[in-house]
Amino acid sequence: MFQEVIHTVKSPYRDDMHILGYRFGRGSKAACIVGPTRGNEIQQLYICSQLIKELSRIEKTGAILNNNEILVIPTLNQFSINVEKRFWAMDKTDINRMFPGDMEGETTEQIAANVFEAVKGFSYGIQFISFHTPGEFIPHVRMMETGFQSVSLANLFGLPYVLTKKAHPFDKGTLNYNWQMNGTNAFSVYSPETATIDEKSARQAVSAVLRFLTRMGIIKYNCHSGYIASIVEEESLMSIRTDVSGIYRPLRHPGDEVKFGEILAEVVDPIEGEVISQIIAPSDGIIFFAHSKPLVIQNCIVYKLIRRLHE
Amino acid sequence: MIKTVVSVGLPVLETMHIKKNRLTPKSPKASEKRFCVITGIHGDELEGQYICYELIRRIEEKIELLSGTVDVYPCVNPLGMESITRRVPTFDLDMNRSFPGDLEGDMSEHAAAKIVDDIAGADFCLDLHASNIFLREIPQVRLLKEHQEKLMKYAKLLNTEFVWVHPSPTIQPASLYHSLNSIGVPTLAVEMGVGMRITKQFGDQIIEGIFALMKELGIWEGEVIQPKDPIISTAKDRVTLLHANASGIFLPSVEHWKGIKKGDEVGKIVNSLTGTIEQTITAPNDGMVFTLREYPVVYGGSLIARILEGEA
Ligand SMILES: [Zn+2]
Chain B
598 MFQEVIHTVK SPYRDDMHIL GYRFGRGSKA ACIVGPTRGN EIQQLYICSQ LIKELSRIEK
658 TGAILNNNEI LVIPTLNQFS INVEKRFWAM DKTDINRMFP GDMEGETTEQ IAANVFEAVK
718 GFSYGIQFIS FHTPGEFIPH VRMMETGFQS VSLANLFGLP YVLTKKAHPF DKGTLNYNWQ
778 MNGTNAFSVY SPETATIDEK SARQAVSAVL RFLTRMGIIK YNCHSGYIAS IVEEESLMSI
838 RTDVSGIYRP LRHPGDEVKF GEILAEVVDP IEGEVISQII APSDGIIFFA HSKPLVIQNC
898 IVYKLIRRLH E
Chain P
75 MIKTVVSVGL PVLETMHIKK NRLTPKSPKA SEKRFCVITG IHGDELEGQY ICYELIRRIE
135 EKIELLSGTV DVYPCVNPLG MESITRRVPT FDLDMNRSFP GDLEGDMSEH AAAKIVDDIA
195 GADFCLDLHA SNIFLREIPQ VRLLKEHQEK LMKYAKLLNT EFVWVHPSPT IQPASLYHSL
255 NSIGVPTLAV EMGVGMRITK QFGDQIIEGI FALMKELGIW EGEVIQPKDP IISTAKDRVT
315 LLHANASGIF LPSVEHWKGI KKGDEVGKIV NSLTGTIEQT ITAPNDGMVF TLREYPVVYG
375 GSLIARILEG EA
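Chains B and P supply the protein sequences, listed in that same order.
Position 212, counted from 1, in the first sequence is what my numbering calls 809; the numbers after and before it change by one each time, with no gaps.
Position 143, counted from 1, in the second sequence is what my numbering calls 217; the numbers after and before it change by one each time, with no gaps.
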């Protein structure tokens with residue numbers, strides 16, 4: 598393992614922010630793994646740390662196969678993590694909307710440009726990431742439909758779901774999109790949690806990456822073969838909204854199978870305590886996404902359902 | 075007449091309202107034109123507050139000169155304004171990236187859709203912005219190249235020294251400007267001043283322009299000024315961006331909105347611990363500083379100034 602500095606942001610009074618890269622193996626650029634770009638992606642940071650630990654072990658036992666180099670960048674944004682801000686603390690920009698970046702541009706454009714310089718050219722790119730709307734997901738691999746995406750490769754992570762989504766204009770600044778446009782097979786791995794650590798799903802994410810690297814002939818690692826993923830298009834997910842604001846009481850969670858007419862959640866009057874609304878399942882299906890904050894505002898999406906799918 | 079454009083219930087004992095003030099002539103006719111002024115999409119931009127107040131005050135003072143409908147939307151992100159938040163609080167989204175919105179969507183999307191619905195059919199709309207807390211801007215009209223032919227004649231009436239035809243974030247797809255123009259409501263965006271402050275002088279300048287525009291639209295019958303003849307920048311290379319190469323505290327050496335000669339000092343980035351200069355920033359060409367860094371703390375990459383090339 599070699600540690601190197603990919604990019605440094607100098608600061609007047611804080612420590613300089615060094616974006617670190619960890620290289621394993623040597624030879625052709627096989628796989629690159631990128632951790633949090635946002636300050637609340639603590640689960641993603643944790644997953645990266647566990648992956649670095651595993652890869653160090655794997656390298657020591659000689660299990661990184663010949664002529665394969667793996668680069669892990671565990672965080673692009675410790676400045677925001679350390680002050681508990683979600684976006685770049687100074688100007689609130691989102692680093693994962695700044696790719697491919699600009700070497701002469703604003704601070705976060707420079708971060709994106711320097712990181713992109715380091716991560717481009719790999720055969721496979723994997724990013725641990727959170728969704729822009731806070732909430733909990735079923736663990737899944739997400740790919741943007743750029744014309745270059747490969748769903749069959751995404752299946753090799755062995756996670757239960759692969760989600761494909763159409764690229765919107767605002768997706769064009771993401772690392773995933775730019776990786777794909779630059780010839781890297783790019784995958785975003787979503788874990789249920791973001792701001793809190795969930796050991797079980799962190800282990801699942803680490804295993805999924807190691808399984809993928811094994812199947813691509815980059816490392817040798819014995820692991821369970823995982824799931825054969827269900828492929829879901831984002832547009833086919835059914836959004837379920839709340840009709841009132843109040844205190845939110847979820848009854849069902851991501852991964853749960855639900856039946857038509859079942860009560861999924863309740864909204865409680867924040868002062869008088871009575872249930873003022875019930876969220877009813879409009880279809881059979883499996884919960885893919887769930888709102889997880891204790892308060893809810895009317896009309897916001899509280900669940901996304903994979904319709905007519907059974908466990 | 076005060077009207078509520080949209081209301082959204084919040085979790086605890088509060089409803090968010092977005093309101094407008096509709097000013098109409100004393101004796102209305104059926105065929106009047108409608109002009110909309112909107113501000114506060116970004117909760118930290120307050121320059122438009124003075125303009126809305128002054129516009130309503132001056133119209134009501136001489137209401138007999140009003141010959142069309144004026145709708146004033148002074149605060150379309152009230153939760154942002156009163157929590158010193160640029161974006162829509164709790165959703166942490168830029169409201170100017172959520173247009174045309176979705177009536178069935180969440181608070182921010184729903185509000186955006188209601189606003190677009192309310193303005194739809196108007197004869198003209200003006201979206202007032204006030205930069206952000208980092209940069210001070212001279213009053214300037216912003217529009218896209220594709221709308222230049224249709225909108226430039228109105229842009230020139232707004233009494234600014236500068237019209238920037240440039241795909242800046244204020245007017246990009248999913249902005250109010252973009253959504254309204256695409257449904258046939260001619261819309262211009264104005265940027266001026268700096269976030270969290272009111273620069274009365276800029277407000278007064280734009281107010282005169284608004285009356286000149288209203289006169290052209292046939293909405294105002296009073297006397298108006300002869301608007302300034304603006305410099306129009308369409309070619310990207312006429313605007314030079316100066317970014318910081320060092321981190322530290324920026325101390326400007328020039329005044330905003332003043333001419334500058336090639337080689338003149340724009341400012342210094344200093345280290346307040348060691349008492350040393352980290353970088354001296356100089357002008358690469360003659361021109362006018364139309365954007366100047368206001369917030370002193372900078373990192374490498376922070377925008378320091380924009381210079382419009384020309385004679386100093
Ligand atoms: Zn603005």
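Don't read these hints as lab results, they were simulated from the structure.
Quick reminder that beta carbons are idealized off the backbone N, C-alpha and C, glycines included.
Please note: incorrect hints may appear among the correct ones.
Stated by the list, open to error - Label-pair distances were calculated between CB atoms; the ranges are:
| no. | chain 1 | residue 1 | chain 2 | residue 2 | range |
| --- | --- | --- | --- | --- | --- |
| 1 | B | K890 | P | R132 | 38 to 48 Å |
| 2 | P | T78 | B | H821 | 28 to 38 Å |
| 3 | P | I257 | B | D840 | 52 to 62 Å |
| 4 | P | S157 | B | E832 | 30 to 40 Å |
| 5 | B | F728 | P | A104 | 42 to 52 Å |
| 6 | P | P247 | B | E832 | 46 to 56 Å |
| 7 | B | S827 | P | A104 | 40 to 50 Å |
To be verified - Below, a list of computed lysine-lysine pairs in the DSSO-like style, where the Cα atoms sit at most 27 Å apart:
| no. | chain 1 | residue 1 | chain 2 | residue 2 |
| --- | --- | --- | --- | --- |
| 8 | B | K769 | P | K219 |
| 9 | P | K219 | P | K100 |
| 10 | P | K219 | B | K607 |
| 11 | P | K93 | P | K219 |
So, going through the hints one by one against the coordinates:
{"no.": "1", "hint": "K890/B with R132/P: 38 to 48 Å", "result": "holds (45 Å)"}
{"no.": "2", "hint": "T78/P with H821/B: 28 to 38 Å", "result": "violated (58 Å)"}
{"no.": "3", "hint": "I257/P with D840/B: 52 to 62 Å", "result": "violated (28 Å)"}
{"no.": "4", "hint": "S157/P with E832/B: 30 to 40 Å", "result": "holds (34 Å)"}
{"no.": "5", "hint": "F728/B with A104/P: 42 to 52 Å", "result": "holds (50 Å)"}
{"no.": "6", "hint": "P247/P with E832/B: 46 to 56 Å", "result": "violated (20 Å)"}
{"no.": "7", "hint": "S827/B with A104/P: 40 to 50 Å", "result": "violated (59 Å)"}
{"no.": "8", "hint": "K769/B with K219/P", "result": "holds (22 Å)"}
{"no.": "9", "hint": "K219/P with K100/P", "result": "violated (39 Å)"}
{"no.": "10", "hint": "K219/P with K607/B", "result": "violated (37 Å)"}
{"no.": "11", "hint": "K93/P with K219/P", "result": "violated (32 Å)"}
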